[in-house]
Amino acid sequence: MTKRYPDGTVAVDHLDLDVPDGKTMVLVGPSGCGKTTTLRMINRLVDPSAGRILLNGDDIRAQDPSRLRRGIGYVIQQSGLFPHRTVEDNIATVPVLNGWSRAKARARARELLKTVGLDPALAKRYPHQLSGGQQQRVGVARALAADPPVLLMDEPFSAVDPVVRGQLQEQLISLQNELRKTIVLVTHDIEEAIKVGDIVALYHPHGTLAQLGPPERLLGAPADDYVAGFVGFDRGIRRLSFFRTEGLSLSAGPVLPGSATVASAVKTGEPWILVVGGQTELTPRGWVSAERLAGLDGDTRLADVATDSFGHTFTVGDDSLRAALDAAVLSPAGVAIGVDEHGRVAGVATFDQLRAAVQAAQAAQDALDAQDLLDEQVARQGQRPGATR
Amino acid sequence: MMWSWIPANWSQIWELTRQNAFLGIVSPLIGLVISLPLGVVAARWRWFYPPTLVFINVIYAIPSLALFIALIPAFGLTDTTVVIGLTVFSLCVILPNVVEGLRGVPGPVKQAATAMGYGPLRRLVTVELPLATPVIIAGLRVGVVSSVSLASVGQIIGVSSLGYLFIDGEQRDFPTEIYVGLFCVIVLAVVCDLILVGVRRVLTPWASGRNRAAGERPRWVLTQRAPARVT
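In the order they appear, the protein sequences are chains P and V.
Mapping of the first sequence onto our numbering: position 217 corresponds to residue 224, and the numbering continues sequentially without gaps.
Mapping of the second sequence onto our numbering: position 134 corresponds to residue 199, and the numbering continues sequentially without gaps.
Hints are computed from structural coordinates only; laboratory data are not their basis.
Keep in mind that a hint or two might mislead.
[Said to hold, decoys possible] Straight line, CA to CA, 27 Å or less: simulated DSSO-like cross-link-like pairs of lysine-lysine:
1. P:Lys188 to V:Lys175
2. P:Lys131 to V:Lys175
3. P:Lys202 to P:Lys30
4. P:Lys121 to P:Lys202
5. P:Lys111 to V:Lys175
6. P:Lys188 to P:Lys121
7. P:Lys188 to P:Lys30
8. P:Lys111 to P:Lys131
9. P:Lys111 to P:Lys188
[As the list claims (entries may be wrong)] Derived contacts from chain V toward chain P, CB cut-off under 8 Å, selection only:
10. Pro173
11. Val174
12. Gln176
13. Ala177
14. Ala180
15. Gly182
16. Tyr183
17. Gly184
18. Pro195
19. Leu196
20. Trp271
Every residue gets a Cβ at the ideal spot worked out from N, C-alpha and C, and that includes glycine.
All chains, full assembly: derive it from the sequences and hints.
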């Protein structure tokens with residue numbers, strides 16, 4: 008589709024997007040790139056100059072705009088809550104428009120307050136009595152009220168501080184894991200796009216797409232210098248967020264309990280010893296260097312020796328390679344500590360082991376990406392009808 | 066000051082106050098009814114507003130007595146003449162507030178309303194007008210107070226109001242009557258104003274303790290205008 012304004016400005020230029028059901032697509036790009044216009048065309052706040060938009064195979068222009076919009080959730084920046092309505096009545100907006108009784112709509116509103124992590128006691132407050140983050144959550148609850156299959160989010164988190172933004176993003180991800188809505192989210196923040204998106208559509212400044220694909224592919228295989236520049240200089244490191252640590256081989260490492268003596272530690276010949284004990288027998292306490300042990304009496308128990316902080320650990324399997332690498336960088340020993348779900352040391356990973364895991368994961372991802380690209384080319388030649396659009 | 070004059074003439078004072086109140090309250094209410102559709106049009110089609118504003122400012126500049134006299138050939142020496150005149154003046158202060166109130170509705174709120182599936186009329190009635198209410202009532206307050214005060218001028222063309230006490234007091238060289246008239250006009254204006262404050266509290270519970278700012282800005286502009294009107 009294309010959107011050309013009367014003054015000749017082309018906001019969106021021959022764009023062809025397919026949003027898969029149940030996925031989060033993030034439209035990202037510099038301001039004025041047409042991402043918001045694209046979003047607004049989906050619920051007909053803006054009508055395209057050319058082209059069509061299909062929702063479940065039906066052209067949206069065949070539908071009454073108000074009716075169409077009631078079936079599409081909408082969240083905007085600074086929440087756009089109605090200042091003259093209580094929180095519950097704000098959330099109840101679309102159900103009431105759809106003819107629900109007020110009592111039923113309010114009951115639904117209270118339920119949704121819990122869904123978005125707010126205290127139902129806030130139901131009777133007015134929006135201005137809430138914090139920015141709470142308002143934004145109410146905005147999400149309002150969009151979900153009529154249980155629409157599609158959710159449009161226009162810079163939903165840009166007006167809150169970074170800490171709250173992080174929380175809201177986390178919540179969106181967990182909500183989405185549960186609800187499986189088809190979400191189109193607009194942001195200018197590439198970090199947000201990479202964090203919450205299943206698919207990222209990165210725009211050029213004038214309404215064309217620079218790259219479309221899963222976030223790890225934007226980081227790993229940017230289509231051109233523009234994309235590489237937009238995703239930022241440490242994209243290699245950030246891409247590691249998408250690789251789990253399952254494939255990482257761990258070594259048992261120089262791990263000793265606090266009851267062991269300095270002499271036994273020295274005997275291992277390791278430059279750094281990881282001392283464990285405390286909450287469980289295998290809870291990491293800290294690193295101690297051979298240098299420090301050399302100056303101590305051999306009978307001293309390791310529990311009584313001052314240790315250096317290990318920074319943080321990573322949970323084997325759950326955490327990403329990025330977390331593991333970070334743990335290695337922060338560790339005085341240059342070794343990352345892998346723990347199980349109970350926080351017990353499962354093994355340690357050296358830079359060499361991390362490098363091997365990173366290379367293997369990247370090779371596997373590159374092969375997947377290549378296959379995806381091939382599939383897409385085949386599909387494009389086959390001219391398939393869009394799923395959502 | 067002859068205090069005994071007051072109880073002796075109580076029923077006349079009361080009657081004049083009642084008539085003054087009628088003229089002073091009905092006129093701005095009619096003004097409000099006319100301002101709402103005009104304001105909606107002016108807020109939506111922006112080009113409409115500047116010429117309208119110039120026009121109502123010109124009208125507002127007409128001395129009230131001159132306007133009453135100009136209306137006499139059509140409506141005679143009746144309440145209607147005074148009500149029409151006062152309606153026109155109150156329109157001049159209420160209309161800008163209706164426009165400002167509607168324009169003051171935050172863009173994201175309007176956009177959200179449309180995106181939720183409100184049609185234009187429903188959005189106007191259930192979202193925009195309620196949000197504009199504090200500003201509209203601020204304009205109405207100025208309109209009512211100035212109409213209550215101006216209604217006394219109607220006495221000059223023979224329409225009875227508290228103005229009678231001024232004219233009669235002056236002719237008889239009896240200041241007590243003038244003071245009583247003045248006092249009644251002021252009390253009437255203050256009472257009407259307080260009632261409107263109460264109405265606003267009831268209609269806009271969401272605004273209490275919070276955004277006086279929403280009502281304050283345009284009202285300030287208008288209270289600047291209102292005292293300029295003296296006759």
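Here's how the hints hold up against the structure:
1. Distance restraint check for lysine 188 of chain P and lysine 175 of chain V: the Cα-Cα separation of roughly 25 Å lies within the 27 Å cut-off, and the hinted pair is therefore satisfied.
2. Proposed proximity of lysine 131 of chain P and lysine 175 of chain V is supported: the alpha carbons are some 22 Å apart, at most 27 Å.
3. A distance of roughly 13 Å separates the Cα atoms of lysine 202 of chain P and lysine 30 of chain P; the hinted pair therefore holds under the 27 Å criterion.
4. Proposed proximity of lysine 121 of chain P and lysine 202 of chain P is supported: the alpha carbons are some 24 Å apart, at most 27 Å.
5. About 25 Å separates the Cα atoms of lysine 111 of chain P and lysine 175 of chain V, which keeps this hinted pair within 27 Å; it holds.
6. For the given pair, lysine 188 of chain P sits about 18 Å from lysine 121 of chain P by alpha-carbon distance, which is consistent with the 27 Å threshold.
7. Distance restraint check for lysine 188 of chain P and lysine 30 of chain P: the Cα-Cα separation of roughly 7 Å lies within the 27 Å cut-off, and the hinted pair is therefore satisfied.
8. Among the hinted pairs, lysine 111 of chain P with lysine 131 of chain P is consistent with the structure: their alpha-carbon atoms are about 15 Å apart, no more than 27 Å.
9. The hinted pair formed by lysine 111 of chain P and lysine 188 of chain P meets the criterion: a straight-line CA distance of about 23 Å does not exceed 27 Å.
10. At a threshold of 8 Å, the smallest CB-CB gap from proline 173 of chain V to chain P is about 4 Å, leaving the interface hint in force.
11. For the restraint placing valine 174 of chain V at the interface with chain P, the shortest Cβ-Cβ distance is roughly 5 Å, inside the 8 Å limit, so the hint holds.
12. Hint status for glutamine 176 of chain V: holds, given a least beta-carbon distance of 6 Å to chain P, under 8 Å.
13. Contact between alanine 177 of chain V and chain P, as hinted, is supported at the beta carbon level, the nearest pair being about 3 Å apart and thus within 8 Å.
14. Taken as an interface hint, alanine 180 of chain V checks out: its beta carbon lies about 4 Å from the nearest beta carbon of chain P, inside 8 Å.
15. Checking glycine 182 of chain V against chain P by beta carbon gives a least distance of about 4 Å; that is within 8 Å, so the hint holds.
16. Because the smallest distance between the Cβ of tyrosine 183 of chain V and any Cβ of chain P comes to about 7 Å, under 8 Å, the interface hint for this residue holds.
17. A cut of 8 Å between beta carbons decides the hint on glycine 184 of chain V: the least distance to chain P is about 5 Å, and the hint holds.
18. Look at proline 195 of chain V: its Cβ gets to within about 5 Å of chain P, closer than 8 Å, so that hint holds up.
19. Residue-level restraint check for leucine 196 of chain V holds (minimum Cβ-Cβ distance to chain P is 6 Å; threshold 8 Å).
20. Hint status for tryptophan 271 of chain V: holds, given a least beta-carbon distance of 5 Å to chain P, under 8 Å.
In this structure, every one of the numbered hints holds.
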